[in-house]
Structures are given as C-alpha cells and as structure tokens.
Amino acid sequence: MLRVEDLKTYYKTPQGFLKAVDGVSFTLEKGEILGLVGESACGKTTVALSTIRLLSPAAQVMGGKVLLHGEDLLEKTENEMRQVRWRNISIIFQGALNSLNPVLSVKQQIAEAILAHLHLSGEEVDTAINRLFTAVRLDPDRKRNYPHEFSGGMKQRVMIAMALACNPEVVIADEPTTALDVIVQRQILDLIRNLRDELHLSMILITHDLSVVAQLCDKVAIMYAGKIVEFGDIFTIFENPKHPYTQALLKSIPKMEATKARLSHIPGSVPDLTGEVPACRFYGRCQFGQRVCEEVEPKIEQSGPQSSVACHFWRSIEPR
Amino acid sequence: MNHVDNANVLVQIKNLKKHFPVRRAFFSGVKPSEEFVHAVDGISFDIHDREAISIVGESGCGKTTLARLILRLMEPTEGTITFDSQDLFAATKKEMRKVRVQMQAVFQDPYASLDPKKTILQIVSEPLSVNHVTKRGRETFERVNAALTAVGFTSPQRFLAKFPYELSGGQRQRVAMARAMAVNPRLIIADEPVSMLDASIRAEILNLMLNLQQEFNLTYVFITHDLAVARYVSDRMAVMYLGRIVEIGPAEDVCTKPAHPYTKALLSALPTTNPQQRHEGVEVKGEVPSAVKIPSGCRFRPRCLYAFDKCEVEPEMIKVGEGHYAACWLVEKP
Numbered sequence: 001m002l003r004v005e006d007l008k009t010y011y012k013t014p015q016g017f018l019k020a021v022d023g024v025s026f027t028l029e030k031g032e033i034l035g036l037v038g039e040s041a042c043g044k045t046t047v048a049l050s051t052i053r054l055l056s057p058a059a060q061v062m063g064g065k066v067l068l069h070g071e072d073l074l075e076k077t078e079n080e081m082r083q084v085r086w087r088n089i090s091i092i093f094q095g096a097l098n099s100l101n102p103v104l105s106v107k108q109q110i111a112e113a114i115l116a117h118l119h120l121s122g123e124e125v126d127t128a129i130n131r132l133f134t135a136v137r138l139d140p141d142r143k144r145n146y147p148h149e150f151s152g153g154m155k156q157r158v159m160i161a162m163a164l165a166c167n168p169e170v171v172i173a174d175e176p177t178t179a180l181d182v183i184v185q186r187q188i189l190d191l192i193r194n195l196r197d198e199l200h201l202s203m204i205l206i207t208h209d210l211s212v213v214a215q216l217c218d219k220v221a222i223m224y225a226g227k228i229v230e231f232g233d234i235f236t237i238f239e240n241p242k243h244p245y246t247q248a249l250l251k252s253i254p255k256m257e258a259t260k261a262r263l264s265h266i267p268g269s270v271p272d273l274t275g276e277v278p279a280c281r282f283y284g285r286c287q288f289g290q291r292v293c294e295e296v297e298p299k300i301e302q303s304g305p306q307s308s309v310a311c312h313f314w315r316s317i318e319p320r
Numbered sequence: 001m002n003h004v005d006n007a008n009v010l011v012q013i014k015n016l017k018k019h020f021p022v023r024r025a026f027f028s029g030v031k032p033s034e035e036f037v038h039a040v041d042g043i044s045f046d047i048h049d050r051e052a053i054s055i056v057g058e059s060g061c062g063k064t065t066l067a068r069l070i071l072r073l074m075e076p077t078e079g080t081i082t083f084d085s086q087d088l089f090a091a092t093k094k095e096m097r098k099v100r101v102q103m104q105a106v107f108q109d110p111y112a113s114l115d116p117k118k119t120i121l122q123i124v125s126e127p128l129s130v131n132h133v134t135k136r137g138r139e140t141f142e143r144v145n146a147a148l149t150a151v152g153f154t155s156p157q158r159f160l161a162k163f164p165y166e167l168s169g170g171q172r173q174r175v176a177m178a179r180a181m182a183v184n185p186r187l188i189i190a191d192e193p194v195s196m197l198d199a200s201i202r203a204e205i206l207n208l209m210l211n212l213q214q215e216f217n218l219t220y221v222f223i224t225h226d227l228a229v230a231r232y233v234s235d236r237m238a239v240m241y242l243g244r245i246v247e248i249g250p251a252e253d254v255c256t257k258p259a260h261p262y263t264k265a266l267l268s269a270l271p272t273t274n275p276q277q278r279h280e281g282v283e284v285k286g287e288v289p290s291a292v293k294i295p296s297g298c299r300f301r302p303r304c305l306y307a308f309d310k311c312e313v314e315p316e317m318i319k320v321g322e323g324h325y326a327a328c329w330l331v332e333k334p
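Residue numbers (the working numbering), protein chains in the order written: chain A, 1 to 320; chain B, 1 to 334.
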C-alpha cells in the first residue's frame, strides 16, 4: 500500500550535506504496524517527515519515491499534498502532549482539523467528534474541556483522535508513548492496537524503544545512521537478529526476565554524517568489521523468508 | 520501617514529609495556606552502607523530592534524616560542609547539568574547590585526572580543555559522574542518570556505575521510573506511590514476588522485548489522583482492584519476606 523506495533526505549545513536518510526502502501493507526503530539522530523522524512532506526548509529530498497506492507523493504539488495529509496519511507528532493549543478547547482543535479537509455541517462535526472520543475511550462530554484539564495519557488520546479525524489509511506515530509513565504507556499501546484492529489502519510507529516495538508491531525496520540495516517480521528480527547492530542493541537493554548478567554496550559513537562516512556505517563500532566493510557498502539482501539485512558477514556471524 | 538490619546504616530517614503550598490566583478565594501538594508524605527507611537502592515510581510520586531532601537541597516539613549519625536538618553550616563532600548527585540530563561555558577541567574541579577539598592547583589537577580516569577516559588530558558541547551524551554523563567522584564521596544520589541516553550508551553508564561502586565502596540511591534499570543496578528497591513507599525489599524479590497491588500493576504494564510475550491491559483502574487531595485510608485504594473495607485505614508496612515489606492489608497473614 505504502512503498518507500530508496529515499534520500539530506540537510544543508555549513559543513555540507548531512545525509540524514540515505537510501531507505520499506513497504507497509494494509492493517499492518511497522516499527521504525533506532537511536537518536538515526533519521527515523526524517523518514516520517519526508513521507508526508513536512520537512524543514533546511532539508531536501535528494532522491527516491514515496508511493501511496502507486502514486508518488514526492511529485505532488503542495495543494495536492494538502489533500493527502490527514485524509490519507496523518501523523501524531513527537511531544504531542505539548502541541495542543492551550487557549482552545479540544473540540475546537479537532473541528479545525476536520473542517480544513471535509465539508461538514456543525452538527456533523459534532457527531464526528463524539465518535472519535468514543473510539479513543474518552468521555465525549469532555470535548469542551481545555488541554490543561486533561492528564498526559488523556492528551495523548486527544492527539490520536485528531489524527483519526479524517479517516486516514495510514497513521504515523512519532514516539507516541515516550513521555508517558508505564501504566499509561500500556493503555495507549493497547488503544493503538485496538484501533488498528477496528479501523484496519496501517501504522508506522517511530520509536527508540525496542520493547514498545516488540509489544505492538508486526514488522520492524532497524535504522542506523540514515540507513535501514535490518528489516523483517517482528519475531524473526527479535529472536534471530542477523545484523551486528541489532544483536548488540538487543543485548544492551536491561530485561526484567534476566538475572544479573552484565549488559553489553556498543563502543564508540555514531559517525558524523556530514563528511566521508565508511561504506558500512556501523563499521568502526562493529566487532566483526573488516576491510571490505570500510570500502564496499553492504546491500540489503534477503536473510530469510520474512527478513532482510545489510551486512557483508551476516551468514558467518554467530548471534550472541 | 520497623525492620532491624545488621548492615551498617549510612542514611536513616524517619517520618519524612515535604508539603508544598499550592499557589493560586489572588482572587480564586483559596487562601495560600489552605492547600498543599503532599510530595513526600511520611517516609521512613534506611540506606545501608555500600548498597545500591532504587527508588522507583511514576512521575509525580515524589521520588525527586525525596532525593533533594536527602541532599538537603530543601528543608522538610517534618521528619529527620541522619547521615552517618549526623542529623542533617540540625547540622550547622560547618557540619553540613563536611557532610556535603560525602554525598554527591548525578542528574538526569547531561546536556543541562554541565555548565556549557566551563571546560571539563573547571566542571570536574568545582566540587573540589567549593568544598575546599584541595588547596593547591597541582593537587586539584591530579584529582580531576584521577576522577576522569576512573570513569573511563583513557587519556583525560585530551578532554580537560574541552567544553561539554564537544562531547557525546555518554561522555557527558561520564563527566557528570567524574564530577561526583572527584571528592571521594560515600553516597551518590543519581536522579534518572540514564533516562536521556540511547540504549547502547545506557548500558555503558550503568556498567560504569556498578564498577565504580565495587572499586570505591560507594552507596547509591538511584531514582528511576524504569523498573528494569532499577532491577539491574540495585540490591534493594523501594516503590513509591503518591508520596509514600508502598513496597520495599531486595530488588530481586520485589520484581519476582511483588506483594503490593501497585507494584504488581507496574510490573504487568512493563513492555518486554520478547514479541511472544504480549499482554494487554493493566491491573489498575483510573489515573493517579492529585497529590493535593490524597485519598483517605490506603492512598492506592481508589485505583486498586482488590480494595476491601479494611483499606479505609491506612496500612502499615507489613513483612512479606526477608527484608521485604509492603504497605497493604492484603498481605497480612490471618
């Protein structure tokens, strides 16, 4: 349904182009939740913003395609794009809790989003908002309340309601539970899963938190320094990761089930993406790195029936 | 807490309370003295010498206020804290200065907790000069070098003249650790030390903190919302809810044999990295009430799935295992 092909988005900086997203490809099917995971500055949010074309002026899409039902969104005019946003693809922004307008009631804010895209009467809008509130398990009577009257979890529900206002096919959620406490986080994750089932939504979940992905997603793309290093169905990637980065990342997270076994960390830091970067961007931090990794970029290749990986040595390295 | 421990007690906290007055608009009709946020509302526990104890809880439970009270960055409404038998809130300035060198803090955000205009040398040497630990420049310099080496900088000289912006997040948090370590403290209070860091760096800092504890016989108080992190780094764990400790005990036991319904709810809500283990729902109802209007009786009662008539009386700490206590009537043996 949504296919991103070889997407390249660079940021202009005084030092030259910063290759924030450098050749990213993935597909999203109907009713599927795809997790886009990686650490800070790996380019995951830039992928999302490129997809719906809300990039900051400093960013430039240098190549690639974003195909929604076969139509390339990158070739649409700004006016056409405005019709796609909210109606076809909507986004729940990172830090959404603070992005509600404090001086408007939430009803006014959701109505504004609806009326910008659909021609509905006041009554129809009212019914729509009631329906949305019920969908996100909020009391419709509270729609006239102002943002400060809601708790963090409820504000997140309002943001989700707003993203659903124009019946989109695809919802992109950027760190939707990051600022929330565990109990509220669990409730929001449950809500997202239920909404997907009820409304047959397709979703891209952007997060740094592998456990959130494990709980919610069907497929996962692991990003590192602007590239997808591993992609596949959730069970394959979490149970049998092939890429050294995925393996190391999974080993670095403290787990409730585990005993006091020492965690391992990934030495070094992410390369500077403005200058010359090694052909394999994980080279330098990778314990399996060899000369070829510095010179030849590993292509993403099939590593199983449901997975692919970008590493020269994925066949020979032993997980764990 | 009424339990007796043989381990040496470093910090003893008794019936500690901190209430903040609620500020209202002048014309709201509420007098300033009428409403209080009960941030810390009657906490008693001991911190043993050379142990790592975690204080876990959700935002607003009062865990940071508790940390600030132990550091005496604020005065309590009620209660006492003794550090190595010295009553903190009765201590004179001179006495306090002696205590201060023995306890240091590491904060959450390594981007905000280091002065951007100071070099690493200035940052790490500051506690030494402020507390008059070292008198000569040469001595200070050596202590700074030693502290930076201890936290894993292999060639500290290269970093001394750098500014925080030149360092990565993990390096900054190591500098924050070095600053705390410079005065050879006995106690380090770390408020969410890794929650701003990426997973790959988080493990590095946690391991570093564990190594430093071994090497320098440190006592840690970890303030964290992350139960998995708490379990990894600490010997004991205290779970806070609305200004009170509801459960305390060996970290392993609290995580594997939780006794308080709130601890159980927290654990059940925790996402795991195993996609085979997906579960839905939380074992709790409603939302955290405001710390201004604390529910009567057991403060978890309105949200508890197991509440019964006895919960109208505030429960005491009841022993559920070796060194393991929970404030819940359900655990009471009939």
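Treat the hints as calculated values from the structure; they're not laboratory data.
Worth double-checking, as some hints may not be accurate.
As the list claims (entries may be wrong) - Computed beta-carbon distance windows for the label pairs:
{"no.": "1", "chain 1": "B", "residue 1": "306", "chain 2": "A", "residue 2": "63", "range": "36 to 46 angstroms"}
{"no.": "2", "chain 1": "B", "residue 1": "312", "chain 2": "A", "residue 2": "145", "range": "50 to 60 angstroms"}
{"no.": "3", "chain 1": "B", "residue 1": "184", "chain 2": "A", "residue 2": "268", "range": "28 to 38 angstroms"}
{"no.": "4", "chain 1": "B", "residue 1": "316", "chain 2": "A", "residue 2": "262", "range": "48 to 58 angstroms"}
Said to hold, decoys possible - Taking lysine-lysine pairs in the DSBU-like style, the calculated list, with each CA pair at most 30 angstroms apart, reads:
{"no.": "5", "chain 1": "B", "residue 1": "14", "chain 2": "B", "residue 2": "117"}
{"no.": "6", "chain 1": "B", "residue 1": "14", "chain 2": "A", "residue 2": "255"}
{"no.": "7", "chain 1": "B", "residue 1": "264", "chain 2": "A", "residue 2": "255"}
{"no.": "8", "chain 1": "B", "residue 1": "285", "chain 2": "A", "residue 2": "251"}
{"no.": "9", "chain 1": "B", "residue 1": "117", "chain 2": "A", "residue 2": "107"}
{"no.": "10", "chain 1": "A", "residue 1": "251", "chain 2": "B", "residue 2": "257"}
{"no.": "11", "chain 1": "B", "residue 1": "117", "chain 2": "A", "residue 2": "255"}
{"no.": "12", "chain 1": "A", "residue 1": "12", "chain 2": "B", "residue 2": "264"}
{"no.": "13", "chain 1": "A", "residue 1": "12", "chain 2": "B", "residue 2": "293"}
{"no.": "14", "chain 1": "B", "residue 1": "319", "chain 2": "A", "residue 2": "255"}
{"no.": "15", "chain 1": "A", "residue 1": "107", "chain 2": "B", "residue 2": "319"}
Note that the coordinates shown come from a computational prediction; the quantities given were computed from them, not determined experimentally.
Backbone N, C-alpha and C define an ideal beta-carbon position, used for all residues, glycine too.
Each hint tested on the structure:
| no. | hint | in the structure |
| --- | --- | --- |
| 1 | B/306 / A/63: 36 to 46 angstroms | violated, 59 angstroms |
| 2 | B/312 / A/145: 50 to 60 angstroms | violated, 31 angstroms |
| 3 | B/184 / A/268: 28 to 38 angstroms | holds, 30 angstroms |
| 4 | B/316 / A/262: 48 to 58 angstroms | violated, 38 angstroms |
| 5 | B/14 / B/117 | violated, 40 angstroms |
| 6 | B/14 / A/255 | violated, 33 angstroms |
| 7 | B/264 / A/255 | holds, 17 angstroms |
| 8 | B/285 / A/251 | violated, 34 angstroms |
| 9 | B/117 / A/107 | violated, 45 angstroms |
| 10 | A/251 / B/257 | holds, 25 angstroms |
| 11 | B/117 / A/255 | violated, 38 angstroms |
| 12 | A/12 / B/264 | violated, 50 angstroms |
| 13 | A/12 / B/293 | violated, 52 angstroms |
| 14 | B/319 / A/255 | holds, 27 angstroms |
| 15 | A/107 / B/319 | violated, 50 angstroms |
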